[in-house]
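Number of protein chains: 4
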Amino acid sequence: MSSSYGKNIKVTIFGQSHSKAIGMTLEGIPGGKKIDLEKLYAFLSRRAPGKNAFSTPRKEADIPEFLSGMVGDITCGTPITAAIMNTNTRSQDYDILKDIPRPGHADYTGYIKYGENRDYTGGGHFSGRLTAPLCIAGGIALQLLEESGIKIYAHIASIGSIKDDADFLKTVQDNTSFSMERKDFPTVSDESGRKMMEFIAEKKAEGDSVGGIVECVILGVPAGIGDPMFDGVENRIAQAVFGIPAVKGIEFGNGFEAAWLTGSENNDAFCVKDGKIVTETNNCGGILGGISDGMPIVFRAAFKPTPSIAKEQKSVRLDTMEETTLVVPGRHDPCIVPRAVPVVEAVAAIALYDMLND
Amino acid sequence: MSSSYGKNIKVTIFGQSHSKAIGMTLEGIPGGKKIDLEKLYAFLSRRAPGKNAFSTPRKEADIPEFLSGMVGDITCGTPITAAIMNTNTRSQDYDILKDIPRPGHADYTGYIKYGENRDYTGGGHFSGRLTAPLCIAGGIALQLLEESGIKIYAHIASIGSIKDDADFLKTVQDNTSFSMERKDFPTVSDESGRKMMEFIAEKKAEGDSVGGIVECVILGVPAGIGDPMFDGVENRIAQAVFGIPAVKGIEFGNGFEAAWLTGSENNDAFCVKDGKIVTETNNCGGILGGISDGMPIVFRAAFKPTPSIAKEQKSVRLDTMEETTLVVPGRHDPCIVPRAVPVVEAVAAIALYDMLND
Amino acid sequence: MSSSYGKNIKVTIFGQSHSKAIGMTLEGIPGGKKIDLEKLYAFLSRRAPGKNAFSTPRKEADIPEFLSGMVGDITCGTPITAAIMNTNTRSQDYDILKDIPRPGHADYTGYIKYGENRDYTGGGHFSGRLTAPLCIAGGIALQLLEESGIKIYAHIASIGSIKDDADFLKTVQDNTSFSMERKDFPTVSDESGRKMMEFIAEKKAEGDSVGGIVECVILGVPAGIGDPMFDGVENRIAQAVFGIPAVKGIEFGNGFEAAWLTGSENNDAFCVKDGKIVTETNNCGGILGGISDGMPIVFRAAFKPTPSIAKEQKSVRLDTMEETTLVVPGRHDPCIVPRAVPVVEAVAAIALYDMLND
Amino acid sequence: MSSSYGKNIKVTIFGQSHSKAIGMTLEGIPGGKKIDLEKLYAFLSRRAPGKNAFSTPRKEADIPEFLSGMVGDITCGTPITAAIMNTNTRSQDYDILKDIPRPGHADYTGYIKYGENRDYTGGGHFSGRLTAPLCIAGGIALQLLEESGIKIYAHIASIGSIKDDADFLKTVQDNTSFSMERKDFPTVSDESGRKMMEFIAEKKAEGDSVGGIVECVILGVPAGIGDPMFDGVENRIAQAVFGIPAVKGIEFGNGFEAAWLTGSENNDAFCVKDGKIVTETNNCGGILGGISDGMPIVFRAAFKPTPSIAKEQKSVRLDTMEETTLVVPGRHDPCIVPRAVPVVEAVAAIALYDMLND
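Chains as they are written, first to last, in our numbering: chain A, 55 to 412; chain B, 55 to 412; chain C, 55 to 412; chain D, 55 to 412.
Check the hints yourself; a few may be wrong.
The list treats identical chains as one, so a pair stands whether inside a single copy or across any two.
[Said to hold, decoys possible] Here are the simulated PhoX-like pairs of lysine-lysine, each with C-alpha atoms no more than 20 angstroms apart in a straight line:
{"#": "1", "residue 1": "Lys152", "residue 2": "Lys368"}
{"#": "2", "residue 1": "Lys330", "residue 2": "Lys152"}
{"#": "3", "residue 1": "Lys237", "residue 2": "Lys93"}
{"#": "4", "residue 1": "Lys61", "residue 2": "Lys217"}
{"#": "5", "residue 1": "Lys237", "residue 2": "Lys224"}
{"#": "6", "residue 1": "Lys152", "residue 2": "Lys365"}
{"#": "7", "residue 1": "Lys237", "residue 2": "Lys217"}
{"#": "8", "residue 1": "Lys258", "residue 2": "Lys365"}
{"#": "9", "residue 1": "Lys327", "residue 2": "Lys224"}
{"#": "10", "residue 1": "Lys327", "residue 2": "Lys93"}
{"#": "11", "residue 1": "Lys368", "residue 2": "Lys330"}
{"#": "12", "residue 1": "Lys217", "residue 2": "Lys249"}
{"#": "13", "residue 1": "Lys74", "residue 2": "Lys330"}
{"#": "14", "residue 1": "Lys249", "residue 2": "Lys237"}
{"#": "15", "residue 1": "Lys61", "residue 2": "Lys258"}
{"#": "16", "residue 1": "Lys74", "residue 2": "Lys87"}
Because the hints were derived from the structure by calculation, they are not lab data.
With the rest of the complex left out, here is chain A:
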C-alpha cells in the first residue's frame, strides 16, 4: 500500500489518470471547520493544466465534488471524500504504451508490480494528475494551518540553470500575504520567470523537457513540533514530498551545502529577540534534532525533467522482449515544475497539519 499518508490525519488518494474519478479521503479533520471553497478552488487552479503555453493543453475543470464529510462548506468531523470526475480523456493515445514502457516513467515498474491488468492508460495511478486530489487535501490543510498562524509558500527556485533571482525567505517574511495566485508563472522575479519560460519553450521545441527545483518556506511553526529519529519534521516532510511524482531529492536548510561547511559556519547561534529565543541564521532550516526550533522551515525539492518527451527513445517491447524505439504519444508538460509549486505547498501542509496534531 502506499496511497495513504499521516498519523493524526489520514489522506488517502485514489484514482487513475483515466478512471471514472480521482479523489481523496481526508480523515481526522475536526467538525465545525468552515472551508472557504472559493479559496480552495483558486488554490487548485494553480495546479490545473492549460494555464500557460508550457503546461499541457488539456482542459480539465477539476472541480471537486464533496461526497461526504461536509455539510455545505462546514466539516462535520467524519471522513471527507472529494472526487473529481475524469472527462476529456484520450485513452487511445496510450495504446502503444501497453507494450512499450516510456523511459524514465513508471510504466515498466507498474507492469512489474501490477501485471498485465494494470491501468497503463495515462500513467494510471502514477499520473501527475493524481496531484489534483493531493491539492484538495493540502488546500484544506493550508486553510486550517492559517487558523494557527502557519503559512506555507513555495516558488520555483530554478529551472535548469536559471535561478529565481530573489531571496524567497525574505520576500515572504516581508510580505506574509505573498501569494503566487495572481502570477502566471510562480517565481518571485518576473524576469527570472520569463527566462525560465523561454528556456522551457526552447526545450519543448526540441521535443525535450526540463526539470527544476522548488523551494518551500513555512512561517509560524511553533518550536517543539516533530519528534526525534523517525518521526522528525524532516522525515515526515520527506515522506510526503517524495509522494509527488518526479521528486528525486530533498534538502532542509543548507541541505547538501552543509556538507561543505564547517561547524562554525553552519551552526546557528542562539540569541534573544523580542523576549524569545531565536537563531541569528537559519542554516538548519528551522529543524534541530527533528524538532522545529521556531524559525522558518525551509526545504527544497528536486524535480527530474518530465520523462514523456517527443524525441524518439529506446525501449523494449514487454510482450516480445524485443528492443525497439518509442515516440511518446499524447500531450505532456515539457516542465511540470510550475504546476508542482502548489503541490509542494499542499504536501507540506498535509505533513505539517499532521505533526501539529501529534
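Based on these hints, arrange chains B, C and D on the given structure of chain A.
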C-alpha cells in the same frame, strides 16, 4: 513518538546517551534465522568510536546483550531486544549544557519538547550514540538481506570539497564482496581518504568540525519493490535516513542534478541484457514511480558538520534568557561522517528488509 | 480517526447517511484479480433494506459505482474506490434529532465529539447505512479468500431467547456451498426463523425493537495465521467486528462459557486425522495464543436492540438542557440482526484477508 | 508482528518466559512526569505469583529495571524501557514440551508459526509471565490517568459459577479510593472470595483448573473519547484485552445480555443531573457509537481455564506425528483469574491513555 520505524518489521530504539542502557527491539523477524554474531559485532565495530584519531576517544565496548528473541544465535520469531549497557560516561561534562543549549544541536528543541526534566546529558536520546542500536537492527537486516541476494554498500563520497576519487557503483559491481570492514577510513580511494583525514585534522586543530556526503548503493533488489505515492522506495528510505542525526538532505540517482538536465539526458533507455529488461543508464537510481526497477538503488545523504565544536559560540541561557557564550565541553568527533557510513548501510537495510516483506 | 482498518490492506469507509454518497476505498488488493460483480451485488443485496417486512421499507438500489482501481471487473492493483450515491433520503424526519438525542444512539456522543456542525441527519457517519460500503470491501475480500480456499458463513444464532435450532458448524462443514443468499431470513432452521420473525413482528407492533446474536464460522484457515499479543486473530477480528454499529460483545469458541468450565473440559485434545494434526473438539474456536490452529474459527457477536424505537422515551434538549420526551421519527428496523449477518461475514473477511497477508 | 499496541503511545512487549529478560518499551509519555515507583511496585505485586496458595509457587522478584526514559523517577519524554531479569527458571521442566504440545496452549501454534527454533520453554513469548511487563506499562498509564481524574478498577466477577456477591460499580462509585491492593483475593465480597478459593483448591486437588470472568469499571472518562467504526472505545479496549493470554470473550455494558432485551429495556434514557447530561441507566457501558458518553465504562472479559493441568491429556508428537498422552510438567496456576485482575486494569489503562491522547 518517533523512535519506531517500519510496517512489516518494527524497529524501536530506546535509550539516552547516559541512561543505564541503550538498545533496540526488532519485531517481525521470522523464527529460525541464524545470526552470525561475530559478523554483527564486526559491523558494529565499524561505527564504534575510537577507531582512529578523528573519532571521539571514548572507549566503548558496545557489545550488545540479547535480552530476548534469540535462542543462542538463532531467532525465535518473537521480538528481539538487545541492550548495550552504558559505561564510561562523564555526565559532569554536560552540566553547563543544562542551561546553555549548543548551537546546531537538539539541546534547545529537546528542552522545548520535553521540558526541564529532559535528559540533556550527552544529548540524551538525540545523541549519535543511539546509532549503535540502530546498527544492531541494521546489522541483522543486512544479514537477512544477503540471504535474498541483496547487498548494501556505502562510502564517504565527500568531506568538504574533497571527493572520493572512485566510481563507487562500478567498484562494488565489479567486486560484490567489497567491504569497508578492513579499512580504517571508509573511502574507496586511500589517497582521497588520506586527504579527507588531513582536512578533518586541520579543522579539528582549529576547534572546528566538518560535514560530508555518504553515498549508498544497494545491489540485488528485484524489480517491483515499493509502492507508489507515500510508501515508495524513496519515501521509505528517506524516512529512515533522516533518522540519523545530522542528515539534512537526501537524493536518489541523479538527484538534485536531475533538475539541471533535460528529459532526453536524464531518462534511462530500456534495453535487454541476458534476457532481462534493464536500463542503459541508471539516472533514476533504480527507482521509477517509487518502485524498484531492478537496477542498483543509489542514494546520497548530506551530513552537516558536527555541531559540538571547541570554538566559542553565542548562545542563550535558558534559565535567565540572557545571551551568553559557550565553549562546548566534552569529547566530540570533528567529523561524524566516517562513523556514519555503516549507519547509512544499517538504515538502508532496515528500510529495504521492511519493503521486501510488503 | 477511526474509519480505516487494516495493516496489509486498508479499508476506509466514508459517508454519512444523507451525504451525497457513501463509499469505501480498499488499498492493497493485488492487480489482476477478477471480481465477480454479480456475486458482489448478490452479497450486497443480503444486507439491503426492504427485503422483508421487518427491515426498513426504504428502497435503496445501493449499487456501487467503482470510481477507481478497477478496469472493468479486474483489479488494477491501486486503490479501489466505490461509491453508492444517496437517494431517497428524508432528512426532514430528523429535524427533531438535532436538539434531542435518541437514547441508546450515537446522537449525543456525536454532538459531544463533532459539535453543532455534526451531520446528525440519519445518524450521520454512525448510521447502519455505512455498513453498505463495508459490505463492498468485505464482498471483495470474500471472493479473494475463496481463491485461497477460505469460506465464511454466518447465521442468526438467536433473537431474544429464540435460538436457531441447528448445529451451524456442522451444517456448513457438511455443505461448504451453504449460503444464506436464497433465504429470506438467515437462519438454518426455517422454523426457528419463522418464530424469530413472529417475535420481531410482535415487538414492532409494540413500538419496540429486539437484539440478537450472530454466529460466524470460517473454514479453511491454515494454521499459523495471526500473531501473539495485540495482533492475534481474536484481537483483529474483535477490532473489526466492533466496527459494526450495535455490537456490544464478542466471544471466540466457548467464549464466556469457557469461564464456567475446567481445563480438562475446555482443552482441545490433539489428534491426527488424515495425516494432519487436528483437535478432537474445537472449544478454542480455532485460535490458540492468538494464532489459528487450522480448525474452524468460530465467533459470536452480540447485537443490542435497535435504539430507534417508536415508544416515547426520555431525553434532554441539547440547546436548553431541559428534560423532555422523544418519539423517534422516521423508518427504522425493529431488528437489525438479519441484515447484520452479511456484515459480520464482511468484516470477518476483511480481517482474515488482512491477516493472511501478514 | 503483534507485540506493540497503541496509536498515540506505543507499548512494545518483549521477552520469553526463560529469556535473559522480559520487558517493555513505552513511547509517547511526555517528559516531566513523576512516577511513584513504590506505587508501581505495589501494583506489580498484585500480579506476582506466589501470593496465595492458588498461584504458582515460583518466587519472582519481578522488580523492573529502568534502562531508559527516566531520570530517577521522572520521565524524560523519550522511550521508557524497563526490563525484568529472568531468574529461577527451570527450563528442564519443559523438555517434553518441545515435541508434545499442551492441549489448549499455544505450544502447537507457536511451532507452526515460528518453526523448530521457537522458544518453547515456559511458553516462550506466549507465557503469562509476559503480563508482568504489560503491568509495568499499565501501571504507569494508571498513574497518568489518575492525574486526569480517571480511575480503573477490576474484580473477579465469577470463578466457575461462583459470583462475587456485590454491585461492583456501586462499590467503587461509593468509594473511589477502593483498591484490591490490600486484599489477598480480588473480590469485593470476602465470603464470595473464600468460596472461589475453595472451588479452585478443589479443582487443583483434582489436577484440574478453572476459568472465570473479570469485570472492569472505569470512572472519570469524559464524554467524547474514542472514534466511530474501527477506533471506538470498544474496538480499542477489545484489541488490548485480547492481548492477555486466555481471554476468549469481551462484552461492554449489558453485553451479550443486550441481545435478549428490547430497545425500551436496553436504551439508557438521558436526563440532567447537576447541570450535566447523564443517563439514568448505563446499559451501554458508557459507550455509544464507539464514543464515551461520560458515564462509567464497564466491561467484562472471559478467561478460559488454565490449559496446563496435571491430568493426563491426549496430544500428538510433533516429531513423529504419533498420538500420545501428556502429563504437563512444571508449576502452573490452577486459576490465573486472580492474577489477571491487575492485568485487565493495566491493559484498560494503556488503551484509555492512548485514546485520551487522540
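Please name the hints from earlier in the document that this structure breaks, with their numbers sorted from lowest to highest. Result: hints 4, 10, 13, 15 break, sorted rising.
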